[in-house]
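Going down the list, the protein sequences come from chains S and R.
Our numbering applies: residue 1 is where the first sequence begins, and numbers increase by one.
Our numbering applies: residue 144 is where the second sequence begins, and numbers increase by one.
None of these hints come from the bench; they were simulated from the model.
Heads up, a few of these hints could be off.
Claimed, not checked - Sample of chain R residues at the chain S side, in silico, Cβ under 8 Å: (1) PHE171; (2) PRO180; (3) ALA187; (4) GLY192; (5) PRO199; (6) PRO200; (7) TYR224; (8) MET226; (9) GLY230; (10) GLU231; (11) SER235.
It should be emphasised that the depicted structure is a prediction, and the values quoted were computed from it without experimental measurement.
The C-beta atom is built at its ideal place from N, Cα and C for all residues, glycine as well.
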Amino acid sequence: MMAAQLSHADVETGHQLPVVSYPVTRLSLVKYCGASGDFNVIHWNERIARAVGLPDVIAHGMFTMAQAGRFVTDWAGPGATVIEFGVRFSSMVVVPDDDFGATIEVSGQVEEKLDENRVAIGLTARSREAKVLTRARAVVRLP
Amino acid sequence: MAINRDYAGRVFPASEPYEVSRVKIAEFADAIGDANPVYRDSAAARAAGHADVIAPPTFAIVISMAASGTAMADPDLGLNYAMVVHGEQRFSYLRPLTAGDVVTAQPTITEIRDAGRNVMLTTSTEIRTVTGELVCTAVSTLVERGA
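Using the sequences and the hints, build the whole thing.
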C-alpha cells in the first residue's frame, strides 16, 4: 500500500509528527550486519561486547539512524527525497538476548519550511528513556 | 597502540565501481524493517516521481563504509575496531541513490582529534557516478573509546 503524499502547502512549522516505536532484536542486528556489511563483533557477540566494557550487545548506530530515516520518509510520503540527514549517537541501544529486545522511539517536529519545497525536521530517538540520537535533523524535498 | 595522527588529511583512492542494485536495496530495506514500495517496486517508484527504485537515505553507508573500511583496517592507522563506536553521521544528497547507478566512493580522513580519553576520527566520503556526477557526501565520525 502506498502512503499518502504530503504537500509543502500542508506543512506547518512546529507541527509535531506522531511518535513511532520501532522494535530491535538480536535478529534485526544479524540481518543488519549482513545487509550493511558492518560485522563489528559488538553487534552480535555478547562475550566480546562485555569484554570490551559494554553492558551487552548494542545496536548499530546506523540501524537506529535508519529508523529515524524511516520515520521521516513515512511521514513525508513516497515522492519525497531526503536532501540532508545528520545525527549524533548520544547513547547506545542495548539489545538483550531475550524475546523482546529493545525499542527505539522516534519523535520529531517541523523545524522550518524552506524554499524549493524543502522542509527541515528535528528528530529525537529514545531507548529505555535514554536519548540515543541528538542533534538529529533531516531536510526533505516534497514533490 | 595509538592512532597514527599522520593520517589526518589523507585522501584515499576511489573505490572500484559499485552497482546499486534493486536486490541489494530491497535486502537493506528488509533489514531496517522498512516496507516502503519505492525501495522495491519500479512501478511504484516511478509513480511517485523517481527514475526507478530508490535507496533509503542511510543506504549510502553501505558504499561509504566499504570504501573507508579499507582505510580503517590499515594496520598503520592503528584503529582498534572492537573499541570503536559510531559518534556522528551525516549524509548530503543531490538526489537519491537509484537502482542502476554505478558509483565510486572516495574517502578522506578529515580530522583526528582527542575528546577526553577517546579519539574521534572523521571521514568524508564522496559518492559519484562513474561519469562524475556527485550524488552523496557521507561524513562519519568514529569514536575509539579509551581503555
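Hints versus structure:
1. PHE171: 5 Å, holds
2. PRO180: 6 Å, holds
3. ALA187: Given a least distance of 6 Å, the restraint on R:ALA187 holds.
4. GLY192: 5 Å, holds
5. PRO199: 6 Å, holds
6. PRO200: Result: holds, 4 Å to nearest chain S Cβ.
7. TYR224: Hint holds; R:TYR224 Cβ to chain S Cβ min 6 Å, cut 8 Å.
8. MET226: This hint holds: R:MET226 lies near chain S, its Cβ roughly 6 Å from the closest one there, short of 8 Å.
9. GLY230: Because about 6 Å separates R:GLY230 from the closest Cβ in chain S, which is inside the 8 Å limit, the hint holds.
10. GLU231: This interface hint holds because 5 Å falls under the 8 Å limit.
11. SER235: Holds. Min distance 6 Å.
Violated hints: none; the structure is consistent with every hint.
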